[in-house]
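Here the protein sequences line up with chains P and W, keeping their order.
Using our numbering, read the first sequence as starting at 1 and increasing by one per residue.
Using our numbering, read the second sequence as starting at 112 and increasing by one per residue.
It should be emphasised that the hints constitute simulated quantities derived from the structure, not laboratory data.
Everything numeric in this text was worked out from a predicted model, so none of it was measured.
In this text, a Cβ means the ideal position worked out from N, Cα and C, and glycines have one as well.
Any given hint might turn out to be false.
What the hints assert, rightly or not - With a straight-line cut-off of 25 Å between C-alpha atoms, the simulated DMTMM-like cross-links for lysine to aspartate or glutamate are:
hint : chain 1 : residue 1 : chain 2 : residue 2
1    : W       : K120      : P       : E67
2    : P       : K53       : W       : E183
3    : P       : K54       : P       : E3
Claimed, not checked - A few chain P residues that don't get close to chain W, going by computed Cβ distances all over 10 Å:
hint : residue
4    : N2
5    : P8
6    : A13
7    : S24
8    : S26
9    : I43
10   : K53
11   : K55
12   : N64
13   : D81
14   : T103
15   : P111
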Amino acid sequence: KNEVEQSPQNLTAQEGEFITINCSYSVGISALHWLQQHPGGGIVSLFMLSSGKKKHGRLIATINIQEKHSSLHITASHPRDSAVYICAVSRPNFGNEKLTFGTGTRLTIIP
Amino acid sequence: NAGVTQTPKFRILKIGQSMTLQCAQDMNHNYMYWYRQDPGMGLKLIYYSVGAGITDKGEVPNGYNVSRSTTEDFPLRLELAAPSQTSVYFCASSLASGDSYNSPLHFGNGTRLTVT
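Same shape as in the complex, but just chain P (with noise of 0.2 Å):
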């Protein structure tokens, strides 16, 4: 079983439509990193948590460290939206050179 689980592996929307991404993993970690990477390949980090929630524009994050789960959320989604989203983890007393990556959840927003 991988430590970093996505879910959904594909997920297809109307533009519009509220979205949801999840995480889960099954180790203790300092950070959850959520990234995107667009059709053309480059990869952006969208958001580094450790508690809590975060929000930027439509984006919002949030973890729940007991539950060892993380959701990313889109509002109003846009087919500029479309692209894969990948989680990543961070283990305590280390940083990004023990990342943990899932595999991504791949996102298409039809308009």
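Once you have looked at the hints, place chain W on chain P.
Frame of chain P, contents of chain W only:
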């Protein structure tokens, strides 16, 4: 600021050939990383560096070498290319890295390498 710049974007190598993937960042980040991304797999760390002159192996270092002579540059060398090295390679950097103070990764646009 250009951020993290990787070259080339695409490359096809024959088995046994060598090449260097270039990576440069202009954000004065101490930490730099090389990852490979294979279909259906999460990113895997090849090598990383915590500053000029200091490098260390990641999870999948075999078949690769790195150097870090300056803060800005972190090239990845493939010696004797093999089909198993067909992958997409990403360079990344971060300002800090540690349990008490971590910072987000900044990625380059990737290099798609095919070894035939």
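Going down the list of hints, with the structure as the test:
1. W:K120 <-> P:E67: 40 Å, violated
2. P:K53 <-> W:E183: 33 Å, violated
3. P:K54 <-> P:E3: Within the cut-off at roughly 23 Å; holds.
4. N2: P:N2 not clear of chain W: closest Cβ-Cβ about 8 Å, inside 10 Å.
5. P8: 15 Å, holds
6. A13: 22 Å, holds
7. S24: 14 Å, holds
8. S26: 14 Å, holds
9. I43: 4 Å, violated
10. K53: Non-interface label stands for P:K53: nearest chain W Cβ at 17 Å, farther than 10 Å.
11. K55: For P:K55, whose nearest Cβ neighbour in chain W is about 16 Å away, the distance exceeds 10 Å, so it holds.
12. N64: 19 Å, holds
13. D81: 18 Å, holds
14. T103: For P:T103, whose nearest Cβ neighbour in chain W is about 5 Å away, the distance does not exceed 10 Å, so it is violated.
15. P111: At roughly 26 Å from the nearest Cβ of chain W, P:P111 sits farther out than 10 Å, so the non-interface label holds.
This entry does not satisfy hints 1, 2, 4, 9, 14, going by the numbered hints stated previously.
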